[in-house]
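Asker: Okay, here's what each chain looks like letter by letter:
Protein chains: 2
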Amino acid sequence: MICEIITIGDELLIGQVVDTNSAWMAARLNEIGVKVKQITSVSDDISHIKQALDAARERADVLLLTGGLGPTRDDLTKETLCQYFDSELKEDPKIVAGLTAFFKSRGRELTEINRKQAEIPVKCEPIYNYHGTAPGMWFEEKGKVFVSMPGVPYEMKAMMDDAVIPKLSAAYKLPKVFHYTIITTGVGESFLAELISDWEDQLPEFIKLAYLPSIAMVKLRLSCYGADPEKEHRVMVEVDNVKLLIDKYILGYNEDTPESIIGEILLERKETLAIAESCTGGYLSHLITSMPGSSAFYVGSTVSYANEVKSQILGVDPEVIKNEGAVSETVAKAMAKGVREKLSTTWAISTTGIAGPGGGTPDKPVGTVWIGLAGPGVSVAQKFNFGHNRLRNIQATSLFAFKLLRNQILGINEE
Amino acid sequence: MICEIITIGDELLIGQVVDTNSAWMAARLNEIGVKVKQITSVSDDISHIKQALDAARERADVLLLTGGLGPTRDDLTKETLCQYFDSELKEDPKIVAGLTAFFKSRGRELTEINRKQAEIPVKCEPIYNYHGTAPGMWFEEKGKVFVSMPGVPYEMKAMMDDAVIPKLSAAYKLPKVFHYTIITTGVGESFLAELISDWEDQLPEFIKLAYLPSIAMVKLRLSCYGADPEKEHRVMVEVDNVKLLIDKYILGYNEDTPESIIGEILLERKETLAIAESCTGGYLSHLITSMPGSSAFYVGSTVSYANEVKSQILGVDPEVIKNEGAVSETVAKAMAKGVREKLSTTWAISTTGIAGPGGGTPDKPVGTVWIGLAGPGVSVAQKFNFGHNRLRNIQATSLFAFKLLRNQILGINEE
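Chains as they are written, first to last, in this note's numbering: chain Z, 3 to 417; chain G, 3 to 417.
Worth double-checking, as some hints may not be accurate.
Identical chains blur together in the list; that is why a pair holds if it fits in one copy or across any two.
[As the list claims (entries may be wrong)] For lysine-lysine, the following DSSO-like pairs were computed, each having C-alpha atoms within a straight-line distance of at most 27 Å:
1) K324 <-> K272
2) K159 <-> K366
3) K366 <-> K106
4) K210 <-> K335
5) K106 <-> K335
6) K344 <-> K324
7) K159 <-> K146
8) K92 <-> K175
9) K52 <-> K37
10) K96 <-> K335
11) K146 <-> K52
12) K96 <-> K272
13) K106 <-> K385
14) K106 <-> K250
15) K118 <-> K210
16) K39 <-> K146
17) K39 <-> K106
18) K52 <-> K39
19) K272 <-> K175
20) K159 <-> K52
21) K210 <-> K52
22) K324 <-> K118
23) K245 <-> K146
Please keep in mind that the hints were generated in silico from the structure rather than gathered at the bench.
Since this is a predicted model, take the numbers as computed values, not measurements.
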């Protein structure tokens, strides 16, 4: 089954909002074996939306739309769908009741403008919205399915999980897709490609290989289509084969993130972590605490932008900062040691560097970063230079800090 | 002039990667008066890419493509463009020299696979890539422009800024677009719409109004097209008029973010900030430190996930935590007071709450958050409930923490 996603809204086309809905929907569809052929973003314009519907139904069996369902006048999706399916609006009593309860729980009356949201085209089946005010709509015409959902991500996600995915799974016998992703770091895309060139040559036709580079990482994704245990087995054999070639660059697999890998290791070992951040400014802590359950192994952090904080809270010797500079091996080590002792944890990592764009010197150019680590009987630091982009520096530093921590805990030798 | 963006890559269609390039490009194009009509994401498939090119050139004057230019075999954009424009590949000596230097600076030889990246279609003009290995390509055919760029965001961004935007600006006499955005918080989209309904009714035809809801915020965007000072003036008059109706909900304007507003205020007043985070886990600090120059007003933070850290570093009385709970008014205030004293800053904000999904009680359900503030002669706290989604909680808490801080500094009364 082929699906297309159409996201609607002028805000997407002037770049005011990044379309994160499509990737989320595509990933969920992929899991149940629905292939997304194309993603299209169009403006809040009736004729443009109709054009996109006409083009997409030629290629796909299922069309998922998001956006343009708000109560305000710039939202035109419902009107467009009425015209497109030659249908009329009718108030749905269950939606009125839901809206009344929704506003009551917020201490408000149901207003005229919101009551209009309970009107839906008679030709569609409503999808109830338990997290917002705009209902979704499910249309079927000539064997094709059209689903319209709000653009607010958590409203759309709830509708997908509660209604759209179960309905699609029940209605179609779906072929499975099997992906396996290997996450590498510390090796460029082209060098990686050369390392595994012979292996890639002998891959069978049915295994598709993709290289997905991002900041300081390259993911290798192997895919095969169709629920065939033999094919899936072959994918895993090929994964084992390629692992032997690139072992030292492998960070994890599939949905692993640097922080989830750390979380799993620490939970299993019942060990704890503290962080002393300078140039990463809280980002390492944010990544860790974005994971539910992280309080089981993560104790706390300091973010020390000012040098006095490094001395006062972490106990870094002000003389050392003065002599060697805040961005130095000694200070990185002292920060990690200081926060580990202060918060009594098994492990601690630290970052100190020049994130940029200002603050560089000939000796320590922008992008210079020291990552420190302290653990049972261990105190190490590594130096990097990640270049001039501030956010790229912060992200790359975080990745390599987690990598250093993993390797130290597991005793993996970094060459 | 009408533009369309085509992003190429299977990773977009299986949801492994969010397409952030399109929004960035659209925003840059918008600034120079180029209207983006549609954004289309297609797979690494020659016929599908050609189909998308055919469809887009019917609607647009300029087509910008990203992705599919890597050195590996799954990247098919260059081959597709060769076929599409009936052109042949030829090695470009300047690109070879650039690639050789690029690899030399990384201590590596130019490999065969990378040397192939110096081959470009004879019918295109190359766009040199100073941040990576894949060159961009500029084609013109029958009055239409086709530009192909790498999908790696910082490589694409540099090409856009250094080559594509200047070339487009020079080649076309572009009509200006004028946008003005008002950022509101603490008011729902539909309630906002009712508040300004009469004002919206009397807006002239040439001003387009859009409502852009996101987590805990609604943006109102007024737009007009065409470089007309009178029209722009009218937009600003309307902005002034609507401000009177929704003044207390306004957080900022245009590119303002909650953290940039804080930064500007503190810089101007030469005052400083410290942060004590619990439930936001470093996110507030990350937002502040993502801004270049934040070290001028931001001193540091603590992230205290474990209660002992709240006591040990911030000096919160363990008895109070025991009796009132870590998520309480007293603890929120004590955390802000503690970090302010410890780091000797003008202002401090704190967060303590139950981010979820676990940890709730009937008394303090998931989503309960206390935000604390300490300043010269001030100690306050506010209670919120942001519901069950962990990341939404973290984001909403951050927004309201910055809002509380702004209002306290500026003496704005929150009803």
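Asker: Taking each numbered hint in turn, which are not upheld by the structure, reported in ascending numerical order?
Answerer: Going through the list in order, the structure violates hints 4, 5, 8, 10, 12, 17, 19, 22 and 23 and respects the others.
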